[in-house]
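With the sequences and hints as input, model every part of the structure.
For the protein sequence lines, the chains are A and B, in the order given. Just so we're aligned, residue 1 is where the first sequence starts under the working numbering, counting upward by one. Just so we're aligned, residue 1 is where the second sequence starts under the working numbering, counting upward by one.
Hints are supplied without guarantee of correctness; some may be wrong.
Unchecked claim - Not close to chain B: a few residues of chain A, all C-beta gaps over 10 Å, as computed:
id	residue
1	Ala10
2	Gly27
3	Lys67
4	Gln111
5	Leu147
6	Leu163
7	Met193
8	Asp200
9	Lys209
10	Lys239
11	Glu243
Stated by the list, open to error - These stretches of chain B come out as covered by chain A in the derived footprint (C-beta under 8 Å, 3 or more residues):
id	segment
12	4 to 14
13	39 to 47
Unchecked claim - So these bits of chain B aren't anywhere near chain A, every CB distance computed over 12 Å:
id	residue
14	Ala54
15	Leu98
16	Phe104
17	Leu124
18	Gly147
19	Val194
20	Leu249
21	Glu256
Keep in mind the hints are simulated off the structure, nothing from the lab. All values reported here derive from a predicted model rather than from experimental measurement. Quick reminder that beta carbons are idealized off the backbone N, C-alpha and C, glycines included.
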Amino acid sequence: MIRVENLYKAYGDIKAVQDISFDVKEGEIYAFLGENGAGKTTTINILCAILEKDKGKVLINKHDLDKNSDLIKRDIGVVFQGAYLDDRLTIFENLYVRALLYGMSTKEAKQNIQTTADIFDLRDILKRKYKNLSGGQRRRADIARALLHSPRILILDEPTTGLDPATRNMVWKTIKRLRNEKGMTIFFSTHYMEETENADRIAIIKKGKIAACDTPHALKQKYSYDTLNLYGDNDEIKKYLKEKEYKTKIRKEYIEVKLESSMKALDVLNDLREKVSGFEVRKGNMDTVFLTVTGKDDFDGEVKDE
Amino acid sequence: MNKIYALASRNAKIFLRDRAAVFFSFLAVFIVFVLYLLFISASITSGIKASITANGFQVSDKLAKLFSDSWMMSGVMGIGCITVANGCLVNFVNDTALDKRRDFFVTPTKKTSIILSYFFSTILITFSMNTVIFFIVYIYLLIIGMGALSFGAIMAMIGLILLTSISSTMMMLSIALFLKTESAHGAVVAIASVVTGFATGAYMPMKLFPKILRDIFAFVPATGSVVMMRKIMMKPALQAMKSEYPAQLVDILADEFSLELVVGSWTVPDWAMLIYHVICSLLFLGIIAFAVKKKLK
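Right, dumping it as structure tokens:
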């Protein structure tokens with residue numbers, strides 16, 4: 001559904017996106033994970049045809065971005081990180097203006113607004129000004145705006161940044177429902193690791209390049225690791241871990257030990273039974289995948305958090 | 001066209017619902033109006049009286065006030081066309097500052113349609129509001145004793161308001177395209193209001209400025225508009241004077257109050273002012289087209 005080949009974009013000397021290639025299948029939820037400034041938004045802006053690329057090829061629903069950007073714009077709905085609807089207009093007025101921009105007739109626009117309002121539970125607040133909405137209502141209106149023209153692909157640029165947990169949960173329920181009920185292709189960027197668990201595939205972008213791309217399970221298999229956090233007499237524990245050549249991070253209140261598998265924790269705990277006052281075993285997750293892929297997995301025995 | 005209508009309607013609603021923006025777009029007009037009522041009116045009226053008395057005639061307070069008021073009110077009209085256009089364009093600058101147009105660029109809508117929407121909404125509002133101001137001013141002048149304007153004169157005034165609204169919108173939009181923040185726009189509005197007030201001779205007759213300044217001010221498009229508006233709005237007052245005083249005396253007054261636009265030694269005819277207006281509008285249109293292609297975000 002989305003094919004990107006050797007995409008390149010620079011702002012002066014800064015190479016924002018460097019020859020990245022990926023493809024997103026129809027009906028897939030695809031996550032673009034990276035730190036701020038990694039190149040996520042630049043890539044999304046190019047996909048949405050609001051930023052010109054320097055090099056590369058982008059095909060969306062078989063349309064070439066260079067030749068048919070208007071057709072692409074009809075195929076995609078975009079939810080931006082910030083709020084772009086107008087504060088002084090009601091939800092209805094905001095949606096109505098955008099509907100006409102997609103070439104709908106006034107009748108079609110009104111029908112689509114009502115349908116979308118029903119899906120997102122906005123019917124009772126359609127006449128309320130955007131500035132008077134709660135954070136959750138605003139986000140629902142933003143997503144409704146993106147889906148007004150029934151796009152086949154929904155692109156979301158950090159859709160949950162700055163939202164409270166309840167609203168984030170609502171956004172994800174909505175995204176999953178759209179994929180499950182309408183078979184919509186979802187492409188989203190985020191820097192929240194836990195959100196990528198919702199994706200079918202994840203591309204981790206680092207300094208404008210894709211550092212890894214696979215399913216969450218495969219990425220965890222390849223890059224994740226379990227950890228054991230040990231509390232207690234630090235010097236004795238440190239001496240033991242050094243002797244056994246475990247990789248560690250020295251935290252303010254505990255020592256974090258990198259394990260090959262969580263079962264290895266039993267060996268360590270048996271040996272240190274008299275020396276630790278407490279422990280916790282943590283299964284590897286997307287956080288550890290991200291840290292490994294981006295080279296920030298610094299288990300070097302140095303003091304952290306201080 | 002539906003897209004331009006949708007966006008223009010959006011722009012107009014946002015502006016009209018922002019009471020502060022509407023108020024501030026009229027602020028320069030209000031200030032001139034209040035200053036005129038409190039201070040300038042008396043000095044202009046006494047100036048008219050002194051000029052006529054010096055030539056051995058007497059003038060009634062009513063006629064002097066009618067001359068003074070119709071001179072001032074037509075100046076106010078010229079400022080209104082600039083400041084209201086500027087006020088409407090706050091919305092454009094806000095959209096730039098907040099990157100709001102991103103939401104339009106992801107739709108299959110051309111940049112030209114987007115810029116035209118600002119253009120049409122600003123012209124429509126500027127024209128409508130200044131037409132209302134014109135009728136308020138006209139009714140006021142009728143109340144204080146001015147003879148009625150002919151239908152042709154009223155239509156000519158409305159035509160001039162439309163022309164000035166278009167050229168002002170083009171001029172201010174071509175500037176607004178280069179502004180990135182509301183505060184920068186605020187500074188431009190303040191400067192434009194003051195410069196327009198002086199350049200058009202709204203605050204004081206251009207005759208009082210040095211010759212070089214008068215020649216420079218003559219190239220401000222709104223100056224020609226105000227001169228043409230004054231010729232229409234002051235016709236009844238001048239006719240009333242001509243019925244009581246020799247034509248030579250009325251001509252002296254007309255000269256003192258700069259009722260003609262003079263560049264060097266050339267008295268610029270109305271057709272030349274109209275052509276100049278159109279040329280300036282096309283020039284600003286060129287700047288807008290360039291800026292839209294290169295800079296519009």
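So, going through the hints one by one against the coordinates:
1. Ala10: It holds; Ala10/A is separated from chain B by about 18 Å at its closest Cβ, greater than 10 Å.
2. Gly27: Given that every Cβ of chain B is farther than 10 Å from that of Gly27/A, nearest at about 22 Å, it holds.
3. Lys67: Nearest chain B Cβ is 14 Å from Lys67/A, so the label holds.
4. Gln111: holds (16 Å)
5. Leu147: holds (13 Å)
6. Leu163: holds (19 Å)
7. Met193: holds (27 Å)
8. Asp200: holds (24 Å)
9. Lys209: holds (25 Å)
10. Lys239: Non-interface label stands for Lys239/A: nearest chain B Cβ at 56 Å, farther than 10 Å.
11. Glu243: holds (57 Å)
12. 4 to 14: Our answer is that it holds, as 7 residues pass the Cβ test (under 8 Å) against chain A, meeting three.
13. 39 to 47: Result for this restraint: violated, n = 0.
14. Ala54: holds (57 Å)
15. Leu98: Answer for Leu98/B: violated, closest chain A Cβ roughly 8 Å.
16. Phe104: violated (6 Å)
17. Leu124: For Leu124/B, whose nearest Cβ neighbour in chain A is about 16 Å away, the distance exceeds 12 Å, so it holds.
18. Gly147: Its Cβ never comes within 12 Å of chain A, the nearest being 44 Å, so this holds.
19. Val194: holds (29 Å)
20. Leu249: holds (55 Å)
21. Glu256: Non-interface label stands for Glu256/B: nearest chain A Cβ at 48 Å, farther than 12 Å.
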